[in-house]
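Using the sequences and the hints given, assemble the complete structure.
Here is what each chain is made of, one letter per residue.
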Amino acid sequence: NAGVMQNPRHLVRRRGQEARLRCSPMKGHSHVYWYRQLPEEGLKFMVYLQKENIIDESGMPKERFSAEFPKEGPSILRIQQVVRGDSAAYFCASSPPGQTHTKEQFFGPGTRLTVL
Amino acid sequence: EDQVTQSPEALRLQEGESSSLNCSYTVSGLRGLFWYRQDPGKGPEFLFTLYSAGEEKEKERLKATLTKKESFLHITAPKPEDSATYLCAASSWGKLQFGSGTQVVVTP
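In order, the protein sequence lines correspond to chains A and B.
Using the numbering used here, the first residue of the first sequence is number 1, and each one after it goes up by one.
Using the numbering used here, the first residue of the second sequence is number 1001, and each one after it goes up by one.
Pairwise CB distance ranges (calculated):
{"no.": "1", "chain 1": "A", "residue 1": "Gln80", "chain 2": "B", "residue 2": "Asp1039", "range": "25 to 33 Å"}
{"no.": "2", "chain 1": "B", "residue 1": "Gln1014", "chain 2": "A", "residue 2": "Arg22", "range": "39 to 47 Å"}
{"no.": "3", "chain 1": "A", "residue 1": "Gly98", "chain 2": "B", "residue 2": "Gln1014", "range": "39 to 47 Å"}
Since the hints were derived computationally from the structure, they do not count as laboratory data.
Yeah, the Cβ is synthetic: ideal placement off N, Cα and C, and Gly gets one too.
Take a look at the structure:
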């Protein structure tokens, strides 16, 4: 009964490169959320997705960041042309189908991105 | 503007010394108040969900309560393994808005 899986756990990129972070939700979960935790700051919502749909991207930076959750395969958070300020822990969470605003979200272990 | 505020920022307890953590919120359309525990280098671990004022939930040495403006996490007779950062989050239409957390250290 695997939980939320994220990979890689650690990712190092140089400025200007692309970062791809992957998230496989818990079995039976159809909703995926991405959060970012900057050093010494709290968790901040980025985006909420269902299969093939972006439901809420109000927390996503306007440029360089994108997310998808295809019909098959994991959810992907993509950061183009990374800058040092993108260095953070990125967490994925999932919840079961139903009334999502009342459902618990279960978090993965996170991907720690370091931009050199 | 929606806001979730936790206090204190840090709490140092002797083993067995009970205490409470506070989470105050101003969130329009609140759908649930969540408590998580986060250990260093790990993802948040779900503890409780509270939906309405007056509701209480318990798990081992932890008890969470909810009023119309705040939630409390009571830690009764804590042990060193209860050392962690405790996060509260308000749910509004799917996304969670987190407080900055209370870092709890329990010493033997």
